[in-house]
Amino acid sequence: MSLWVDKHRPTSLNKLDYHKDQASRLKMLVQSGDFPHLLVYGPSGSGKKTRIMCLLRELYGSGVEKLRIEQNSFTTPSNKKIEISTISSNYHIEVNPSDAGNSDRVVIQELIKTVAQVNQLETSTQKEFKVVVLTEVDRLTKDAQHALRRTMEKYMATCRLILCCNSTSKVIPAIHSRCLGIRVAAPTIEEISQILQSTCKKEGLNLPLELAKKIAVKSNRNLRRALLMCEACRVQQYPFSPDQEVAEPDWELYLKETAGMIVQQQSPKRLLEVRARLYELLTHCIPPDVIMKGLLQELITNCDGQLKTEVVQNAAFFEHRLQLGQKAIYHLEAFVAKFMAIYKRFFEEGIADLF
Amino acid sequence: MQAFLKTGSSKLSTSKEKVTPSSSSSSKESKDKRKHVPWVEKYRPRCVDDVAYQDEVVAVLKKSLEGSDLPNLLFYGSPGTGKTSTILAAARELFGHEMYKTRILELNASDERGISVVREKVKTFAQQSASGIRPDGKPCPPFKIIILDEADSMTGDAQSALRRTMEKESKTTRFCLICNYVSRIIEPIASRCAKFRFKPLAEDVLKKRLRYICGKEEITCEEEAFTALLDTSEGDLRKAITHLQSASRFKGEETITKDDIYDIAGVVPAEVIDQIIKVCHSDSYEKLDKTIMEQIFNGHSGMQLINQIHDKIVVSDELGDKQKSIICDKLAIVDKYLMDGADEYLQIMALCTTIMQQICHADK
Chain A
1 MSLWVDKHRP TSLNKLDYHK DQASRLKMLV QSGDFPHLLV YGPSGSGKKT
51 RIMCLLRELY GSGVEKLRIE QNSFTTPSNK KIEISTISSN YHIEVNPSDA
101 GNSDRVVIQE LIKTVAQVNQ LETSTQKEFK VVVLTEVDRL TKDAQHALRR
151 TMEKYMATCR LILCCNSTSK VIPAIHSRCL GIRVAAPTIE EISQILQSTC
201 KKEGLNLPLE LAKKIAVKSN RNLRRALLMC EACRVQQYPF SPDQEVAEPD
251 WELYLKETAG MIVQQQSPKR LLEVRARLYE LLTHCIPPDV IMKGLLQELI
301 TNCDGQLKTE VVQNAAFFEH RLQLGQKAIY HLEAFVAKFM AIYKRFFEEG
351 IADLF
Chain B
1 MQAFLKTGSS KLSTSKEKVT PSSSSSSKES KDKRKHVPWV EKYRPRCVDD
51 VAYQDEVVAV LKKSLEGSDL PNLLFYGSPG TGKTSTILAA ARELFGHEMY
101 KTRILELNAS DERGISVVRE KVKTFAQQSA SGIRPDGKPC PPFKIIILDE
151 ADSMTGDAQS ALRRTMEKES KTTRFCLICN YVSRIIEPIA SRCAKFRFKP
201 LAEDVLKKRL RYICGKEEIT CEEEAFTALL DTSEGDLRKA ITHLQSASRF
251 KGEETITKDD IYDIAGVVPA EVIDQIIKVC HSDSYEKLDK TIMEQIFNGH
301 SGMQLINQIH DKIVVSDELG DKQKSIICDK LAIVDKYLMD GADEYLQIMA
351 LCTTIMQQIC HADK
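Those protein sequence lines, which keep their order, are chains A and B.
So the first sequence is numbered by UniProt numbering: it starts at 1 and just counts up by one.
So the second sequence is numbered by UniProt numbering: it starts at 1 and just counts up by one.
Hints listed in this document are in silico derivations from the structure and should not be mistaken for laboratory results.
Fair warning: there could be bad hints in the mix.
Restricting the straight-line Cα-Cα distance to at most 30 Å, the calculated cross-link-like pairs of lysine-lysine (DSSO-like) are [stated by the list, open to error]:
no.	chain 1	residue 1	chain 2	residue 2
1	A	LYS256	B	LYS290
2	B	LYS62	B	LYS171
3	B	LYS138	A	LYS49
4	B	LYS278	B	LYS62
5	A	LYS338	B	LYS322
6	B	LYS121	A	LYS81
7	B	LYS287	A	LYS213
8	A	LYS327	B	LYS336
9	B	LYS290	A	LYS338
10	A	LYS293	B	LYS324
11	B	LYS278	A	LYS293
12	A	LYS66	A	LYS113
Given only the sequences and the hints, what does the whole structure look like? Please build it.
Right, here's the structure in full:
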């Protein structure tokens with residue numbers, strides 16, 4: 001049995017639930033049998049991948065759904081072997097080059113060249129070009145992005161690239177100017193709750209509107225997450241009741257507790273305890289930037305207006321350091337310590353003013 | 001012609017065909033295939049004369065076409081100003097189709113070009129001698145050209161390895177380095193080349209070119225859409241043409257409007273920016289948080305947001321010079337942090353809280 005997320009994924013551009021306007025434009029785009037390089041961007045869970053697959057299906061027919069997983073190995077100039085897995089059909093190939101870490105440039109150079117240099121044999125019945133889907137382009141190193149530039153122009157005749165990323169800020173302008181940008185906005189709360197209800201209907205379940213709304217709000221406008229949550233609710237209790245508890249991921253609760261601890265007391269001892277909890281979160285593979293944002297969101301509610309600005313500035317500062325640095329815990333801890341200092345000073349000043 | 005269309009890599013069909021690319025595609029089949037060529041490739045200048053707006057370079061290259069020598073060249077300038085096009089056009093005119101392969105070595109960032117490649121490939125190519133006579137007996141320049149595109153992404157080591165080669169082989173080889181940022185080219189290399197800056201194209205030049213393409217492609221385009229194209233492209237002709245082509249693909253036969261262009265360019269609508277500025281006036285963190293969150297969910301890129309906020313702030317009347325300078329200082333920091341890969345939400349919040357502070361609590 002597959003998850004609802006996969007089971008009810010729309011397979012054609014006509015069946016998409018939201019951004020219908022954009023869908024019809026995309027349809028128009030591929031109708032001529034051709035399209036430029038695309039750069040699809042939007043927050044996670046907004047349906048970028050779904051749209052790409054729909055587009056490919058529209059272009060090549062159902063053949064693109066016959067997927068196979070392949071292991072490719074590349075050798076860097078310094079004789080280091082890189083293994084990378086690709087998902088491909090006869091018409092397209094999907095890679096996440098950032099898996100290769102620092103050597104992603106080699107992957108880009110080798111892979112795209114091998115794909116692009118081979119012409120499709122039967123041009124009368126097939127399309128002349130193949131499609132390379134690169135995911136997480138924003139994680140690519142600058143080197144790799146530069147390597148993409150000329151490749152994109154050079155192999156235009158045999159190969160189209162679809163780049164997929166969360167944010168275009170980290171994509172160099174040179175690439176941006178070579179692609180048609182497609183922005184996929186996250187679905188609104190209403191759209192999510194509608195989709196949840198229609199999905200449940202397809203499953204033969206009855207989902208009350210209140211609960212659907214509740215899940216939608218909790219999901220942070222991430223459709224994938226909403227569907228997973230909905231399925232979790234179903235396992236928990238069926239028939240649904242409108243005031244049913246929507247289970248939040250336990251790490252979020254844990255994070256909230258941690259934030260509460262920080263606000264409660266500001267001392268080196270507490271810092272040590274918080275450190276242990278942060279470590280716990282990190283060992284469970286919660287990304288450090290998510291922890292940072294979660295902490296900020298909780299902490300900020302306990303602050304006064306002026307203080308908020310200062311805290312946000314510091315969060316931004318330490319998050320940047322975190323991206324540059326190697327070990328996340330230092331920066332998270334630094335932020336916590338800084339917050340404690342600011343908070344305590346603020347309180348002491350407040351008390352001093354009283355007397 | 002067929003081969004040219006199929007493999008975009010060999011953009012070097014003979015100049016005769018180049019002059020009339022549309023008329024030569026008489027059969028229906030080749031007309032279909034023609035669609036696959038992006039307009040940026042299709043309307044690349046075919047000869048040096050076609051290069052728009054870059055007068056100094058064109059003058060130098062023309063001299064060399066008339067038979068005089070060519071210095072080592074270093075082209076720099078913002079993207080889409082015609083650097084690569086110029087040298088490719090010049091090379092094609094100098095050597096013609098047959099000799100192009102043997103006389104030109106083009107390396108760009110997509111090729112491997114660490115220090116080992118410079119030592120082996122570039123050096124061997126540079127050491128070959130070149131005669132001053134074409135196979136058909138006509139004279140041609142007695143040198144080869146090595147084009148190093150996107151040279152600013154070469155490592156310093158690789159650049160250093162070029163130094164001596166450049167001098168030693170000056171009899172037979174000319175180098176042409178192309179880059180966006182001249183500061184990333186090491187000094188010894190820069191001093192060995194004649195530097196040419198490619199200016200961002202002026203608006204009327206851009207417009208003329210776009211109109212020409214519109215005419216050729218038989219698409220209709222609103223007057224305002226041209227203005228929008230100029231706005232969004234910032235002197236980058238490639239960007240403008242790509243946007244135009246994308247818009248025409250999206251719209252099919254219909255007229256292209258200004259909104260289409262803004263949509264494709266990923267520009268954040270002006271109302272959104274106004275709203276953010278307005279929220280900054282309210283001095284309420286919660287409202288700001290909500291607005292920014294909304295925009296992030298809508299998928300607007302952080303970079304674009306701060307660029308547009310910047311445009312608004314600079315011309316704003318209500319802010320004093322000091323306030324503006326503080327905000328711009330923060331803007332620069334945020335820009336740098338974003339480039340480093342920091343989280344968009346946090347950075348934009350940091351910027352907006354600064355703006356809020358400056359608007360509501362200045363002089364504190």
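Now the hints, each set against the structure:
no.	hint	in the structure
1	A:LYS256 <-> B:LYS290	holds (20 Å)
2	B:LYS62 <-> B:LYS171	holds (20 Å)
3	B:LYS138 <-> A:LYS49	violated (57 Å)
4	B:LYS278 <-> B:LYS62	violated (55 Å)
5	A:LYS338 <-> B:LYS322	holds (28 Å)
6	B:LYS121 <-> A:LYS81	holds (24 Å)
7	B:LYS287 <-> A:LYS213	holds (22 Å)
8	A:LYS327 <-> B:LYS336	holds (21 Å)
9	B:LYS290 <-> A:LYS338	holds (25 Å)
10	A:LYS293 <-> B:LYS324	holds (28 Å)
11	B:LYS278 <-> A:LYS293	holds (25 Å)
12	A:LYS66 <-> A:LYS113	holds (23 Å)
The structure shown violates the earlier hints numbered 3, 4.
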